[in-house]
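Trainee: Build the full structure now, drawing on both the sequences and the hints.
Line by line, the protein sequences are chains A and B.
Under my numbering, the final residue of the first sequence carries the number 326; numbering is consecutive throughout.
Under my numbering, the final residue of the second sequence carries the number 326; numbering is consecutive throughout.
None of these hints come from the bench; they were simulated from the model.
Label pairs and their calculated CB-CB ranges:
1. B/GLY139 to A/ALA239: 55 to 61 angstroms
2. A/GLY29 to B/ARG31: 56 to 62 angstroms
3. B/ASP141 to A/ALA211: 46 to 52 angstroms
4. B/ARG36 to A/PRO279: 53 to 59 angstroms
5. B/GLY159 to A/SER220: 51 to 57 angstroms
6. B/ARG302 to A/GLY188: 17 to 23 angstroms
7. B/ARG287 to A/ASP93: 17 to 23 angstroms
8. A/GLY159 to B/ARG37: 34 to 40 angstroms
9. A/ALA59 to B/GLY139: 45 to 51 angstroms
10. B/THR19 to A/GLY139: 39 to 45 angstroms
11. B/PRO222 to A/GLY139: 53 to 59 angstroms
12. B/THR19 to A/GLY159: 29 to 35 angstroms
Facing chain A, from chain B, some residues (calculated, C-beta under 10 angstroms):
13. ALA140
14. ASP141
15. HIS142
16. VAL143
17. GLY165
18. PRO295
Please read these numbers as outputs of a predicted model, since none were measured by experiment.
In this text, a Cβ means the ideal position worked out from N, Cα and C, and glycines have one as well.
2 protein chains.
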Amino acid sequence: MTVMDHVNPWVLAIDLGGTWTRFAAIDAGGRLVVRRRRATGSDLEPERIRAGWRAELEAVAVDAGRAGLAAAPRAVGVGATGPVERGSGRLLDPPNTGPGLAGLALVAEFGALVDAPVAVERDTNAALIAEHTRGAARGADHVVYLTLSTGVGGAVLEGGRLLHGRHGGAGELGHLVSDPAGPRCGCGRRGCLEAIASGPALAAEASRRIAAGATSALASAPEPLTGAAVGVAAQRGDALARAVLDAARDAVARAVVDIANAFDPELVVVGGSVGLGQPGWIDTAERAVRARALPPTRDGCRVVPADLGDDAVLYGAAALAWDLRA
Amino acid sequence: MTVMDHVNPWVLAIDLGGTWTRFAAIDAGGRLVVRRRRATGSDLEPERIRAGWRAELEAVAVDAGRAGLAAAPRAVGVGATGPVERGSGRLLDPPNTGPGLAGLALVAEFGALVDAPVAVERDTNAALIAEHTRGAARGADHVVYLTLSTGVGGAVLEGGRLLHGRHGGAGELGHLVSDPAGPRCGCGRRGCLEAIASGPALAAEASRRIAAGATSALASAPEPLTGAAVGVAAQRGDALARAVLDAARDAVARAVVDIANAFDPELVVVGGSVGLGQPGWIDTAERAVRARALPPTRDGCRVVPADLGDDAVLYGAAALAWDLRA
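Mentor: This is how it looks when you write it as C-alpha cells:
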C-alpha cells in the first residue's frame, strides 16, 4: 500500500442491469472519476461473465490509478437488477436477465475478484440511497422510490434505513395490482402496475387498441411499437396515445395513494424514463394523495421527480460501499 | 409506595375502540388480572369522556389492589382506533368514532390521569405486538398483520420493530385498492379492500345484488343485513351469499400477494371476525402467495390465522407499556 492509497481512496460502484453492466470509480467526495460499461451478457456461461467482470475491474483500477486515485478500491458496492437475496447478494430467478446470472451470489463473486468488502442491493434500493444521499430525497428519512421504465420497481426508506423485509424483497412496488381486470403481467398476475405503466406496457396497450380497430397514427409506426413512440404520438395530439397514457397515469396515481397509505412516507420520489417523461403524472399523483390518502399522510406526503439520472444506481452503490468502511 | 408496589407491579392497558373502550390491569407475567369496559361515547363532549376515563381508571386501580397488585400502574399502554399521530397519540379525524374524540392527544390525556408514562399506538399496531409477543407471530420478526372485521386494518413489523412511517400512519392496508371499479369506500376511493372484504362491505354487496334482482334467502333476512348473516347463508348453500364471499376471498388473496411483494414478510397474520370466520380465505391467500408473489418472498411467506382473540389489543397495549419501563 502506497501513500496514494490513503490520500485518494475510492470505491468501485457497479450497476448490474439487464442489458448493460456499468462500472465506476467514485472517490470519497462522491465524484465519479472513472466509468466503463460492458454488455451484461446474461445469456453467457457464468465463467465467461466472470472473466468479463475481471477485465473491467482491472481496467477501472488502471484508469483510477492514472487519474490519481489509489491503486485499489476500499470497497465494492453493487446495485443489481432484482430480485436479490439479502446478505449473499444472490440473484434469484432474475426475470429481466438471462440464465447466466441466475443464482450467482454477488458478494462472493466480487469478493473473489477484489480484496475488499462487498455490499449488494437491488438496483432500486441503490437508486433510493443515491436520491437520499445527494438527490431529491436529501433530508427526508421516510421515502418511497418508484421507478417507471422498462420495468416498474420500488424501494422504501423507513427512518433513514432501507426496508428489506425477511429476504431482501421488500419494496417490489411494480407488482401491486392496479386493476385485476388489466393485462397479464410477466409475474403471472393481471393488472400489476408494471403491466400498465411500464414502457412496454404502454406500447402493448396501444397495440391492443389498434388491433381492436381503434384509429391512431401509431398504426403506421415502425415495429415494434415502443412506449416512447406512444409518448411522442400523444404530444402530437393522437387521441389513442393520449387515452393510453391517461389510463396509465391514473393507475400510477392510484398506486401512489396505496403506497402513501401503506408506508406513510413524507416523500414519494418518481424516477425512470416513463415516470420522468410524463411530468403530469407526478402532479396527478400528488393531487391524488392530497385528496384520497388517509390522514395524517395525505397532508404530509409530497410526490417529486427523481433528481439523479442514469447514474443513480452507481452513486447509490458507491454510498453503500463507503458505508462498509464507515 | 408500599412493598406491594414492588412485588406485584402491573400496567394499565386500554383498548379504545369505536364502540367500546376496554381497560385492564395486566401484571408482569402477562396475566390479565382486572378488566372493565365502558361505552366509548365518542358523541359526548371531551370533558364527559375524560370523566368516564377517570372513573374507570380509579375502578381498575381499586380492583387491582384488591387482587393483590400494587396500588398504581407502572405505565399505561393504549391501542386506539386509528389514525393516530405518532408521539402525541393524537386521534386524527377518526372515521370510526364520533367527534368527541377527534383531536384528543392521548399521551397527554392519560398522562394527566395517571402518574406514569404513556404509550399510544394504533389498535392494529398493538394487536400485532401482542401476536408477536405471545401469539401467532412468536419468533417471527418480519410480519404483516391484516384484520378483517367491521373495518379492515393492518400493521407491519420489520426486523422486530413496528413500521410507523413519517407520521405514524404506515400499515393502513385496508385502503389498498383491490378493484378500481369496485364499490365506494368510506375513505372516498373505490374498491379499497375495506369496501370489499369488511363485514359491512359483504352485507352491502349482498344487498346490491338482491336489489339488482338476484335471488337469495338473504332477501328475507332481518334488516339491516350483516356480514355475519351473509356468512351463515353461504354455509347453508345460498348461491348469492357464496358468490359475495368468493369475490371478497379473491380480493383478500390479491391484497395479501400485494402485501407480500411490498413488505416481504415471513408471516402474514390474518385476524378479525371476518378474516377468522372464513378459514378458507387464509388457505386461499397462502396458495396465492406461493403461486403469484415474487421470489424470494413467495417461497418464504406463510399466511396464518391470528392466535389471540378480542384481547389482542389489550395484551399489545400492555407490552408497549412494559417496554416503557424496560
